[in-house]
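Protein chains in written order, with my numbering: chain Z, 1 to 286; chain H, 1 to 286; chain Y, 1 to 326; chain D, 1 to 275; chain B, 1 to 275.
It is worth saying that the hints were derived from the structure and are not from the lab. From the three backbone atoms N, C-alpha and C, an ideal C-beta is built for every residue, glycine too. Just to be clear, a hint being listed does not mean it is correct.
Stated by the list, open to error - Only some residues are given here: those of chain B computed to face chain D with a beta carbon under 8 Å: (1) Glu181; (2) Gly184; (3) Ala188; (4) Ile192; (5) Pro251.
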Amino acid sequence: MTISKPPPDISVIPDQGDVLELEPIISAASRRRHVPRWLRRTAGPLLLLALWQVLSSTGVLEPDILASPGTIARAGKELIADGTLPSAMLVSLQRVALGLVFGVLAGTALALVSGLSRLGEDLVDASVQMLRTVPWVGLIPLFIIWLGIGEAPKIALISLGVAFHLYLNVYAGIRGVDEQLIEAGTSLGLSRWGLVRHVVLPGALPGAMTGLRYSLATAWLALVFSEQINADDGIGFVMNQAREFFRTDVIVVCLVVYAFLGLTADIVVRTLERLLLQWRPTFTGK
Amino acid sequence: MTISKPPPDISVIPDQGDVLELEPIISAASRRRHVPRWLRRTAGPLLLLALWQVLSSTGVLEPDILASPGTIARAGKELIADGTLPSAMLVSLQRVALGLVFGVLAGTALALVSGLSRLGEDLVDASVQMLRTVPWVGLIPLFIIWLGIGEAPKIALISLGVAFHLYLNVYAGIRGVDEQLIEAGTSLGLSRWGLVRHVVLPGALPGAMTGLRYSLATAWLALVFSEQINADDGIGFVMNQAREFFRTDVIVVCLVVYAFLGLTADIVVRTLERLLLQWRPTFTGK
Amino acid sequence: GGSSAADDSSGSSNTSGGLGSVTLNVGDQKGGSETILRAAGELEKVPYKIKWSTFTSGPPLLEAVNARAVDIGGVGNTPPVFAAGAHSKVTVVGASHGSSAGEVIAVPKGSDLTSVADLKGKSVAVAQGSSAHFQLVASLAKAGLKLTDVKVSYLQPADALAAFSRGRVDSWAIWDPYTSQILRNTGARVLTTGDGVVNGLSFQVAAPAALADKNKSQAIGDYLGRLRRAQDWAFKHPEEWAKVWSKETGLPYAVALDAVKRSSGTRVAVAVDDAAIASEQKIADTFADLRLIPNHFTFKDFVDQRFNTGLPASNTPARTFGKASS
Amino acid sequence: MATDLHRQVIRPAGQKTDRKPDRPGTGTGTGTGTGTGAGTAVRVEGLTRAFDGRAVIDRLDLDIRPGEFTALLGRSGCGKSTLLRVLAGLDREVEGSVLVPRRRAVAFQSPRLMPWKPVWRNVLLGLPGHPDRAVAEQALEEVGLGHRSGAWPKTLSGGEAQRASLARALVREPDLLLLDEPFGALDALTRITAQRLVAELWQRRGCAVLLVTHDVDEALLLADRALVMENGVIAHDNPVALPRPRDPGDPRFAELRSRLLDQLGVDNHPAAQAA
Amino acid sequence: MATDLHRQVIRPAGQKTDRKPDRPGTGTGTGTGTGTGAGTAVRVEGLTRAFDGRAVIDRLDLDIRPGEFTALLGRSGCGKSTLLRVLAGLDREVEGSVLVPRRRAVAFQSPRLMPWKPVWRNVLLGLPGHPDRAVAEQALEEVGLGHRSGAWPKTLSGGEAQRASLARALVREPDLLLLDEPFGALDALTRITAQRLVAELWQRRGCAVLLVTHDVDEALLLADRALVMENGVIAHDNPVALPRPRDPGDPRFAELRSRLLDQLGVDNHPAAQAA
Ligand SMILES: Nc1ncnc2c1ncn2[C@@H]1O[C@H](COP(=O)(O)OP(=O)(O)OP(=O)(O)O)[C@@H](O)[C@H]1O
Ligand SMILES: Nc1ncnc2c1ncn2[C@@H]1O[C@H](COP(=O)(O)OP(=O)(O)OP(=O)(O)O)[C@@H](O)[C@H]1O
Ligand SMILES: [Mg+2]
Ligand SMILES: [Mg+2]
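Next up, chain Z with everything else stripped away, as it sits in the complex (with noise of 0.2 Å):
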């Protein structure tokens, strides 16, 4: 879209006594900036990037307080190449997955329960907001009694971080659709499943891509602690070894290949918000 002409001057009005002063309505299109999208998104991971550099090689920040991204970057590749990293990575994908669709699904089950009546919320809801302080490391022992020290409590650990962002977000994205709507729909004759899933679950979707959000994350993180338990491969365990062994490299390759995760998950969200919210015209900022 491009302007045919542009805005006028002001000053094509002869200057008179009474006239009102007027201001031209600029058209987007003559203001819009032509950088593509996922540059100007790239822009601030790489500035950042680019600053640790910079201070790195002047010396402002000296190696053992953060090494330089070049050294990171040569003891990733090694880690890569000695095939750590991969097989750690290929290990935690598979928990991370399980996790998630386990507390995805107890999530927003739980949500809805609560979200969706009266008495599931008195029983349910106190009852969650109280257990989701308790901290897992406090859990691992309880978790190793009843789970043993298999598989299980890694993605049971897994599956309680996520359930419980999910069920916040959801919740709080059911207890957030408009009331009118949801006359609409029962005047539509909808049934209380109807409701649900025609109403009710489309209009708590926003926040509940917040908590998804959220839930890929503390996925991850909820691997650390997970990894702690038995754990002789994976991404969490690998940390977990350089913290023992005080390999600052390795541990700050973890932090990267964990801030490459956080992007990837965020790229996945935003598709799905692209997919899903695209009935929803809201503020973009300007």
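Place chains H, Y, D and B with the ligands on chain Z using the hints.
Here is chains H, Y, D and B with the ligands on its own, set in the frame of chain Z:
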């Protein structure tokens, strides 16, 4: 509100051939349960507690799997009597309060920057999405290097956890504000800051509340890790130490304290919501 | 190498000098140096200030030493190896030798395992990078097994206890006071101890920057002297020490007394001599072979022997509370 | 303004348009085309609805017979929408007794389309079976929205949204049709089309219709009865016993209009009156 | 239906009501009360606005002079609200040139009240200085909402919300007042009051008004010019050169009404016409 007369019987209508089948609209007053709200909300946690006690006393839950509520209560009483728990709580409360303040400020500020301007989003959002996945635990060594072993790294860790949570929900909240209202605000001549204050922030408030709810929990969670760094007081320290020395009863007492804190946080946020979101007539379950 | 400062270090604590303005940042673990020093009355009339920092275990303490947040702190025999392996800025300045009877490989009550060789194919819980980790490797080697011949379950002590007490693992390589705890409470049985397998040493590790500071180095010397005297006190008053320790950590008194008699009370301050360095080098090489340390390195580079003066050799036998107590 | 609205809408002979407030058993109305002329479609007795202690509806009585087209007028804020919500079964915080048919359809004052469903899905929402998109398309075509059937609701203009909402109510084929100012945002021509559509459905199904409107002419053109609500009750109940098709030029029409405007408090002295 | 609307609204002498589409420099209008009669208040040239490739506004030209009351009519979905949004400066995805005064006020088609502010705060929102609640109360009183000034917007009835939105636009004392069907949800009496209010503000401030309406009578009672929009442009531009106060019974009024209805596509053969 009581019904002046019972809902009429349909059979009053004489049965003619072509009569429409009518249904009465039953007044809500006649269906209302008369159990007060707070009682119904405590039902869930109380039920859990009862179940725990029953399982313990019937021996299904062996003491070395999970001590009975009675045992825990005794251990708790002891910890309170010798001043450990109260002083730990006091120290932790201060840390959490400080961390919350910084975290809330930082999270909201970042969310505003990236929620309100496209440029801000491009620069900030991608970086935050990237960094928020990074596990705290991995950051502890770096924090020690950067901030020493005093209060600074502890509060920084808490702030970090809080800030990311709040960021995500406030950002989503801002992006969920109805564009129509933004337009209305603009057309009313609100300045950019007026728009933020009167339209964007109130519109993002429900999201912020969800964020705050989780932030409160996160603050206490982060405490467990932050009090691994050179602490000899605080609830996180008590728990870590109990873990080191196998004091399962103390661990469970700590978990119970955490659960209690979760409930308190929930009450705080609920009260805030009642005050700040009273304008919102939304779905409240049936 | 030693310096002139080392001369006064072994002297008594009443040296005046400029120590009044010195603050020694000491890293500690719960029920550790501060507790024992206080119990032994060694924190009275200290000519410098001591600022205590508490850590949950050795590795974070060494992280703090490396970050120069802490001047000196006591840890076990493996954390210095890993810290050195990662080229952290840490220097070993003192050592003590204790009985290795507390470092055991235990099996749950009713287990039919009788020797280390029986562990082949069985699962063993062990905290990664701990002294027990090395002990496991060494014990297995002594029985002609490799680490890969057993199923290693890496678990932190608290988690391992849960797994061990429920029979989720067949055995557990662990140290005191955990050993005393499980032996007393769960009826576990000892398969083998660390005697003759591990060196039984623990170390005082300082920051090189603190050592370079004349006053601080002097204070460190004085501090090491106090620790040595406190250890002597603990050996002479095991019950009293156990009482203080149990109160501080929340361990049951009986368990604490067991642990004091089995290991912690048996410590005797020794020199960081070549024998000590060699035994640590062996640990370093073992872990390097397991690729838990990226490269082979020389442990001696991370040792400062200036405070060795007047201390017995590192292979001085640990004290015992046997018949000849006192 | 409204012209030959009833071009094709001819009520069957025998249709009673006079008010029958007595008990349904004593009703004398003969059946309409679909044979539901007897009995009652809506019965409201002593209905009270209060907001924060202020009774918006205050012991209101109302009977609507099957097949009766009732218009409801009243000052803004007098409680019309509140009454409709009660009849739709959406507001149960009431006292008094209310009987309504099971099959009800509502077109709300604001369109209330689900923003996450394209227009055609909004129209089909809640219909039993799995009706084809064609069903929706046809309904939308009738309100002149065929070309927007795939659009997201938030991209509709005010009048388009209102028509979509109307289409959604009309495809439901109810026994009681509740319309809350369904033509308020429509231009003259579109309004006539929409009015005719409602009239056709009403004639075909013989359903009871309760139409809230502010347009007196509209009420008189369409309804059998024009109610005026005031102070929480039905203050005036005007039978509209005019033959169909109706002509706004008819002196009886003008007289009724004058009466209604009077009841609504409009000072309509003859000079300013358009007839 | 509209009666003695202009009881108190008398335009000052010298007020030009005929159209002046030529360049502002050549305008000959003398000043109104506030002295902004010369020049131009709105100038639109070659405005195009397309949604998804469909041009809803298509090279539209429009000039409105200061102090001119313009009514905009058109089929539902023809682009009236879109044009208003552009003039309000809310939609910049346009081609062409648009000049408008700095001080503008809009009453949107849907009320768009901030749900988190009570009605009176909504009215004061964005006003410079820190006006008193009394200012809002008075404005609300004028639209008959004094008793609801402390209510949350979502508890308002449809008409009440529309009036609150109108009050919010009117307290702004703008140079250009953009009203998008501001009386659509009001009953006859309330509507007359609201119309009179707008007329009064217009007379007092001498601001330019662009009123979107579907009511032909309303347009003719209030406006100096009645525009009909079609196919993305102003298809018809009817000067309304009737003396005020206007009388719908006046034959010139009836003729204009007939012309407008014709332009709007309503088949208004004399028989069905109400005059
Ligand atoms: N965001 C959008 N995306 C796509 N189409 C749109 C969008 N907004 C408006 N339209 C379309 O543009 C056309 C004009 O809309 P507009 O709201 O201006 O109509 P209008 O003249 O105000 O109609 P009404 O009298 O019904 O309010 C309509 O067909 C509408 O569907
Ligand atoms: N939830 C509520 N809380 C408090 N007051 C309410 C609520 N809902 C409606 N009201 C009030 O009840 C009265 C009747 O509202 P209602 O919507 O029924 O009016 P209406 O007759 O439909 O008016 P309109 O013609 O303007 O749509 C109004 O004064 C309104 O402000
Ligand atoms: Mg209404
Ligand atoms: Mg419009």
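Cross-check of the supplied hints:
Because the beta carbon of B:Glu181 sits about 6 Å from the nearest beta carbon in chain D, less than 8 Å, this interface hint is met. The interface hint given for B:Gly184 is met, as the beta carbon of that residue sits about 5 Å from the closest beta carbon of chain D, less than 8 Å. Hint status for B:Ala188 relative to chain D: holds, with the closest Cβ pair at about 5 Å, below 8 Å. A cut of 8 Å between beta carbons decides the hint on B:Ile192: the least distance to chain D is about 7 Å, and the hint holds.
Given hint, B:Pro251 at the interface with chain D, is violated; its Cβ is 12 Å from that chain's nearest Cβ, farther than 8 Å.
Taken one by one, the earlier hints fail for this structure only at number 5.
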